[in-house]
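From just these sequences and the hints, can you work out the full model?
Chains as they are written, first to last, in our numbering: chain D, 1 to 302; chain A, 1 to 256.
Just so you know, not all the hints are guaranteed correct.
[To be verified] Pulled a few chain D residues facing chain A out of the computed Cβ check, cut under 8 Å:
hint, residue
1, Phe7
2, Ile8
3, Glu13
Just so you know, these hints were derived from the structure itself, not from any lab. Only a predicted model underlies this, so the values are computations on that prediction, with no experimental measurement involved. Think of the CB as a built atom: it goes at the ideal place given N, C-alpha and C, for glycine as much as any other residue.
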Amino acid sequence: MSSANPFIPSSYELNKEKRARRAKWSTLTVTVALLIPVALILTLIALKAWPALSWDYLTGDVSRSGAAGGIWGPLMGTFYLTLLCLAIVAPIGILAGVYIHEYAPDNAFTRAIMIAVTSLAGVPSIVHALFGLGAFVATLGMPKGLLTAAMTLSVMTLPVIITSTREALSSVPKNFREACWNLGASRWQTIRTIVLPNSFGGILTGVILVIARAAGETAPIMFMGAVMWLRIAPAGPERLMPYGLNDEFMALSNHLNLISKDIPGMPEQMKFGSALVLLTLILFINGLASLVRLRLRRRKRW
Amino acid sequence: MQDGVSIDIRDYSLWYGKFQALLGVSAQIKRGIITSLIGPSGCGKTTLLRSFNRINERYGNVTTQGHITILGKNILDSDVSVAALRKRVGMVFQRPNPLPISIYENVVFGMKSHLPQAERPRAVLDQAVESALREVSLWDALKDGLDRRATELTLEQQQKLCIARLLPLKPDIILMDEPCSALDASGIERIEELITELKRTFTIVMVTHNMAQARRASDECIFMLMGEIIEHTPTLDMFMNPQNSKTAAYIEGRYG
Ligand SMILES: Nc1ncnc2c1ncn2[C@@H]1O[C@H](COP(=O)(O)OP(=O)(O)OP(=O)(O)O)[C@@H](O)[C@H]1O
Ligand SMILES: [Mg+2]
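Structure, rendered in structure tokens:
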């Protein structure tokens with residue numbers, strides 16, 4: 001059929017399409033522009049760290065103030081610190097999020113709690129460090145060490161978990177809850193069987209963010225028992241679990257901070273080496289959790 | 001194409017990914033009447049209806065084959081602007097979906113996306129709002145509150161508004177996907193009246209699950225089953241004297 005096309009766009013519509021294309025391209029450009037510095041930083045760090053990297057670097061002891069040897073002690077410190085922090089903050093934060101979203105009546109008290117949570121998120125980490133020192137060490141008389149450092153990190157990351165838990169819970173449609181109540185389920189049963197399993201992905205996001213922050217922060221731990229150097233047992237189970245709960249410890253972020261600024265003549269590859277390990281650790285954990293989240297999301301359909 | 005045919009569908013197939021939802025359907029939908037699409041759930045009514053203004057494509061991984069000719073042009077051709085197509089072929093959705101802006105802005109939204117500013121001075125917009133709302137008999141109820149949020153209206157008013165906001169674009173065809181399913185009995189009655197009123201000006205294609213409604217409100221019926229068109233006849237014939245035994249079974253309520 002060779003009649004004229006009745007669906008040609010008017011010049012105004014053509015113009016609009018042009019603007020739409022421009023919007024698409026500018027959003028794309030900004031996104032790419034965002035990625036470039038990340039890629040550059042990663043490449044730079046990787047290149048500079050390259051000479052230091054080896055299995056021995058990962059598993060060797062820190063020696064000559066970090067100018068030689070490896071980073072085994074700080075690596076283990078960061079690992080256990082993060083694990084401990086998660087063990088404290090995840091249950092508290094998730095339960096608090098559940099209470100605030102599922103049970104709390106909408107009154108002044110609840111709103112006050114939410115304001116407190118939001119403000120807590122805005123407190124600089126150095127202030128959290130001082131709080132930890134004042135509350136746990138000075139007031140409660142606990143020793144500086146792995147546990148109090150993890151507790152300080154927990155206070156700092158609590159708002160992250162609470163907020164992401166709330167958001168995850170609110171993404172579960174209300175009518176699922178109504179259906180459960182209608183069938184005689186208690187609130188808690190509803191939460192346990194329907195709401196929590198279906199908001200797992202969102203809650204996990206909060207947990208990921210906590211891992212990243214806990215592993216990366218220096219300020220809150222440097223007053224709380226993170227030290228430059230400790231002797232680590234050369235072999236045996238103590239090599240895998242070098243620190244007790246109340247012991248001082250080494251941590252990657254603190255290690256990086258110290259060798260980067262306090263020690264003159266530090267070989268460059270040692271600094272970039274620990275930076276790269278810290279970064280890889282965090283990226284790896286994030287990647288893993290994102291993968292889990294992706295799989296969970298694919299499973300869910302409503 | 002014969003005169004009096006508004007939508008001419010030839011061997012039209014549609015796939016969602018690997019799943020073929022429409023199996024080479026053909027039909028001629030006549031101008032200026034109401035045609036109902038009926039059939040059991042999942043038979044492809046919505047899919048076919050949405051093909052007439054290519055709203056389907058937004059869902060990704062949709063592929064099509066065949067021809068759908070509207071106003072003498074195969075709308076699946078690559079030189080068809082979907083914006084221009086949707087201006088001529090408007091759609092009313094199952095759940096009323098007024099935009100979360102004022103009533104006034106809802107009605108002029110289409111004009112604002114199709115006309116340059118110079119061609120839509122305030123007076124023109126005001127005029128368009130009044131005549132569109134009059135046409136769906138909302139004007140008297142709403143004229144003093146055009147600044148109110150459209151989402152605050154009752155469902156029936158919302159659905160009428162969704163019809164009204166198509167009118168300033170002067171469409172040829174209005175598609176409706178179960179336009180009454182969110183409404184109560186009196187709302188249904190008034191929307192049906194409105195639809196009957198509108199067919200003087202527009203070609204209307206309506207999906208419905210309500211046999212009584214198809215019978216009351218439409219001039220022709222298309223019965224679909226599992227992605228195929230089984231029967232397409234004047235409504236009276238279909239209900240009095242169905243040609244296909246499956247059609248008979250469906251309208252007698254033996255399945256669906
Ligand atoms: N976006 C989509 N992706 C994949 N499959 C789809 C999609 N939309 C519809 N389908 C499938 O295509 C088939 C036809 O769906 P369609 O919505 O057109 O049916 P329908 O006749 O409108 O049904 P209902 O009466 O329930 O509205 C169904 O089997 C449906 O599962
Ligand atoms: Mg449908």
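Here's how the hints hold up against the structure:
{"no.": "1", "hint": "Phe7", "verdict": "4 Å, holds"}
{"no.": "2", "hint": "Ile8", "verdict": "6 Å, holds"}
{"no.": "3", "hint": "Glu13", "verdict": "5 Å, holds"}
Violated hints for the displayed structure: none, as all numbered hints are satisfied.
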